[in-house]
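Residue numbers (the numbering used here), protein chains in the order written: chain A, 27 to 128; chain B, 27 to 161.
If you're looking for bench data, these hints aren't it; they were derived computationally from the structure. This structure is a prediction, so every number in the text was calculated from the model and none was measured. Hints should not be assumed to be uniformly reliable.
Heads up, simulated EDC-like pairs for lysine to aspartate or glutamate below, C-alpha to C-alpha not over 20 Å straight-line [stated by the list, open to error]:
1) B:K104 - B:D150
2) A:K79 - B:D150
3) B:K78 - B:E124
4) B:K32 - A:D122
5) B:K32 - B:E147
6) A:K35 - A:D61
7) A:K79 - B:E147
8) A:K51 - B:D154
9) B:K104 - B:E136
10) B:K104 - B:D121
11) B:K109 - B:D120
12) B:K141 - B:D129
13) B:K104 - B:D133
14) B:K32 - B:D63
15) A:K51 - B:E110
16) B:K141 - B:D99
17) B:K109 - B:D63
18) A:K51 - B:D150
19) B:K78 - B:D132
20) B:K39 - A:D91
21) B:K78 - B:D63
22) A:K51 - B:D156
23) B:K104 - B:E135
24) A:K51 - B:E147
25) A:K35 - A:D93
26) B:K32 - B:D121
27) B:K31 - A:D122
28) B:K32 - B:E52
29) B:K109 - B:D121
Read off the chains here:
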Amino acid sequence: MSTLHTVNKSPFSTQSLLSCLNHCKDGDAVLMIEDGVYGALANSGMSDQVKAKAGNVSIYVMTPDSDARGLADDKLLDEVSGVDYAGFVNLVTEHDRTQNWL
Amino acid sequence: MSETKKFLYVNRKAPYGTIYALESLEVVLIGAAFEQDVSLAFLDDGVFQLTKGQNTDGIGIKNFSPTFRALGDFEVTKLFVEKESLEERGLTADDLQEIVYEDEDDDWEEKPSIKLVSRAEMADVMADQDVVLSF
Numbered sequence: 027m028s029t030l031h032t033v034n035k036s037p038f039s040t041q042s043l044l045s046c047l048n049h050c051k052d053g054d055a056v057l058m059i060e061d062g063v064y065g066a067l068a069n070s071g072m073s074d075q076v077k078a079k080a081g082n083v084s085i086y087v088m089t090p091d092s093d094a095r096g097l098a099d100d101k102l103l104d105e106v107s108g109v110d111y112a113g114f115v116n117l118v119t120e121h122d123r124t125q126n127w128l
Numbered sequence: 027m028s029e030t031k032k033f034l035y036v037n038r039k040a041p042y043g044t045i046y047a048l049e050s051l052e053v054v055l056i057g058a059a060f061e062q063d064v065s066l067a068f069l070d071d072g073v074f075q076l077t078k079g080q081n082t083d084g085i086g087i088k089n090f091s092p093t094f095r096a097l098g099d100f101e102v103t104k105l106f107v108e109k110e111s112l113e114e115r116g117l118t119a120d121d122l123q124e125i126v127y128e129d130e131d132d133d134w135e136e137k138p139s140i141k142l143v144s145r146a147e148m149a150d151v152m153a154d155q156d157v158v159l160s161f
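Same shape as in the complex, but just chain B (with noise of 0.2 Å):
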C-alpha cells in the first residue's frame, strides 16, 4: 500500500551528555517496525557513538552501545561514519564496535554493517534520501 521511502538518521552528538543519542536509537527501532530503507549517518561528535569498550557503570546511565549490534535483526544495516569526524578525534575504524549483519540475500553470510565514507561521499548520502531526521 505505502511506497517505502528512504529515511536518514544524521547523529551528531556523543552518547551520554545529553539524550539525543540514546533517543536517536529508540527512534530507528520504532521506525524499523516500518520497514522503510533506513540509513544511519554518524558524523562529529556522533561517531563516539559507536566507540568499543564503553562502560556506564560508574554514571548510573544505560550503556546502549550494545543495541548497535542488534540493528541488523531489524534490517537496518547501513551505518555510515564519516573518516574525517574519526580522524579530527584521533580515531580509527579499529576503535569502532564491530557491527555485523546477515545477508539474506546471499546464503545469511555475515558483513559489516559500517561503511567508512568521505565527508563529500556523506554529503551525497544525505543528498539521496525522502527524509533526513537529525539528533
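Just chain A, with the same shape it has in the complex (with noise of 0.2 Å):
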C-alpha cells in the first residue's frame, strides 16, 4: 500500500512540500506539479530536505511545468525524475490513493 503525494507550490511560499515530505511513508511518491517543481532545484535551500527523503521514497517533477519555468535539467537535483503527463497517470495508477498537498 502506498500513496501518491502532489506538491503545486513553491517551497519558499508555502510549507507544503516540507510537510508533505515529513508524512511520506517509504515506498510512497512524490510528484512536483505547477510552483511545486521549485522543490527539484538543485543548491536550493530544500535540497537537503528532498534529497535525505529520496532514498525511501520516489521524487518526481513534472516535465512540462519545469520546461515552462525554465529549469533545466542541469538545474534540477539527480535525485528526481521527469515524468510528463502519461507518466503522472502511470504514477496515479501504481498508488493506492493520491493526496494533494494545496
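Using the hints, put the two chains back together into the complex; each one sits in its own frame.
So, in C-alpha cells, the structure goes:
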C-alpha cells in the first residue's frame, strides 16, 4: 500500500513540500507539479531535505511545468525524475491513493 | 449495496484568511450523509481551526468553529490533531475546543472526538485511507 503525493506550491512560499516530506512513508512517491517544481532545484534551501527522502521515497517532477519555468535538467536534483502527463497517470495507477498537498 | 470506504479530510489552513477551512467543514457535513468511515486531520496551520474563543464579530465573517462540536451528531467522531503542529505554534490541547460525541456502543457515554497524534502517527493515519481529500 502506497501513496502518490502531489505538491503544487513553491517550497519557498509555503510549507507544503516540507509537510509532505515529513508525512511520507517509505515506498511513497512525491510528484512536484505547477509551482511545486521549484522544490526540485539543486543547491536551494530545500535541496538537502528532498535528497534526504529520495532514498526511500521516489521523487518526480512534471517536466512540462519545469520546462515552462526554464528549469533546465542541470539545475535540478539528480535524485528527481521527470515525467510527462502520461507518466502522471501511470503514477496515479501505481499507487493506492493520491494525496494533494495544497 | 455500496461498501464503506475510509475517507480522510486533511485540514492544513487557518480558518478565516481563505475559504478552505469553511469549505472543508461543509464537505464533511455533506459527506456525513453517505455513511462512510470519516476521519478529519488537522496539521500545520489547520490546528488553528479548532482553537477556543474565536470571535468574528469584527470581521463580518461567520464564526464556524462551534459547528465542529456538532460533528458527533453526524457520526464524525475522529478528529486527529498533530502534536508537533500545535507545539510549533505555541499551542497545547488546552487551547482547543472540547469536542465530544456520544458513543452508542457504550451506553451513550460522552467521549472526546479530538485525538492528539504525533507526526509519525499522522502519517500512519494518512496511509490507512481509501480516499484523501485535502483542504
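Quick rundown of the hints versus the structure:
no.: 1; hint: B:K104 - B:D150; result: holds (14 Å)
no.: 2; hint: A:K79 - B:D150; result: holds (17 Å)
no.: 3; hint: B:K78 - B:E124; result: holds (8 Å)
no.: 4; hint: B:K32 - A:D122; result: holds (13 Å)
no.: 5; hint: B:K32 - B:E147; result: holds (17 Å)
no.: 6; hint: A:K35 - A:D61; result: holds (5 Å)
no.: 7; hint: A:K79 - B:E147; result: holds (18 Å)
no.: 8; hint: A:K51 - B:D154; result: holds (11 Å)
no.: 9; hint: B:K104 - B:E136; result: holds (13 Å)
no.: 10; hint: B:K104 - B:D121; result: holds (18 Å)
no.: 11; hint: B:K109 - B:D120; result: holds (12 Å)
no.: 12; hint: B:K141 - B:D129; result: holds (15 Å)
no.: 13; hint: B:K104 - B:D133; result: holds (19 Å)
no.: 14; hint: B:K32 - B:D63; result: holds (5 Å)
no.: 15; hint: A:K51 - B:E110; result: holds (18 Å)
no.: 16; hint: B:K141 - B:D99; result: holds (17 Å)
no.: 17; hint: B:K109 - B:D63; result: violated (23 Å)
no.: 18; hint: A:K51 - B:D150; result: holds (8 Å)
no.: 19; hint: B:K78 - B:D132; result: violated (28 Å)
no.: 20; hint: B:K39 - A:D91; result: violated (25 Å)
no.: 21; hint: B:K78 - B:D63; result: violated (27 Å)
no.: 22; hint: A:K51 - B:D156; result: holds (16 Å)
no.: 23; hint: B:K104 - B:E135; result: holds (15 Å)
no.: 24; hint: A:K51 - B:E147; result: holds (11 Å)
no.: 25; hint: A:K35 - A:D93; result: holds (16 Å)
no.: 26; hint: B:K32 - B:D121; result: violated (29 Å)
no.: 27; hint: B:K31 - A:D122; result: holds (13 Å)
no.: 28; hint: B:K32 - B:E52; result: holds (18 Å)
no.: 29; hint: B:K109 - B:D121; result: holds (12 Å)
Hints 17, 19, 20, 21 and 26, counting from the list given before, are not met by this structure.
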